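Visitor: Note that UniProt numbering gives residue 44 to position 44 of the sequence shown, counting from 1, and the numbers run on in steps of one.
Honestly, I wouldn't trust all of these hints.
Pairwise CB distance ranges (calculated) [what the hints assert, rightly or not]:
| # | residue 1 | residue 2 | range |
| --- | --- | --- | --- |
| 1 | R168 | L86 | 16 to 22 angstroms |
| 2 | A82 | Q20 | 19 to 25 angstroms |
| 3 | V119 | P22 | 22 to 28 angstroms |
| 4 | V54 | S139 | 18 to 24 angstroms |
| 5 | N48 | K98 | 48 to 54 angstroms |
| 6 | V112 | D14 | 27 to 33 angstroms |
| 7 | L136 | T42 | 15 to 21 angstroms |
| 8 | I47 | Y89 | 38 to 44 angstroms |
| 9 | Y46 | I85 | 27 to 33 angstroms |
| 10 | S94 | R168 | 20 to 26 angstroms |
| 11 | L136 | V112 | 33 to 39 angstroms |
Keep in mind the hints are simulated off the structure, nothing from the lab. Here the structure is a predicted model, which means the values were calculated and not measured. Even glycine gets a Cβ: it sits at the ideal position worked out from N, Cα and C.
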Amino acid sequence: METYGASNAGGAFDFMHFAQQPQTISRVLSWVFAIIVFACITAEGYINPSGTSVEHCVFGGSLDACHYGVGIGLLAFLAATAFFILDIYFPQISNANKRKYIVIADLVFSGVWSFLWFVGFCFLTNKWVTMTETPLVGSDSARAVITFSFFSIFTWGLLACFALRRYRQGMGEFPQSYTDPAPDTTGSYAEYPPVGVESYQQPPFVANPDPSGEGGYQPPVY
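Generate the whole structure from the sequences, applying the supplied hints.
Guide: Below, the structure written as structure tokens:
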């Protein structure tokens, strides 16, 4: 029996089965894409134009674009690492409520980050295409950032779908609301007869037996 998409606690960990799951593959891809995004920006995203010591972002000189890419990339990397570890230990968690909270956290974070990657992709693409001159340094890294930001939209979206499926499965196995059972109308107890005041009835008149009869008392004869 499975609870929230994983077998009950106590079973042995099967690494091959875990590695082949679509959720694990999407998690690893999201982790790799996040590394590429913030690594490319931190390595070649900040440039110094000739004749100045002030750093400029490769995306049209907008530091906000570089900060945004580094921020969501770094947080996505940390979150993907944390959820990957939780995926490994998830089958060992015996408490159904703890499993539910982990699945809800995965669902909310994955959905939000898929949206943030979409915003970042649009933002970075707009800054890149509106540039009047392509920089000589960092242009390949900028294109890689835009490309893997686009891929991250789908990987985090898939993670949100997988978490939603696990949540629905768990809610179906453990309903939260209790419903009273339907009353049994097939059989009913026999009704007691109405209790009334019983009137006292005097027994019919019986004549006194003749004491001289058989079995009666007879005085002795002297």
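Visitor: Does the structure break any of the earlier hints, and which numbers would those be?
Guide: none
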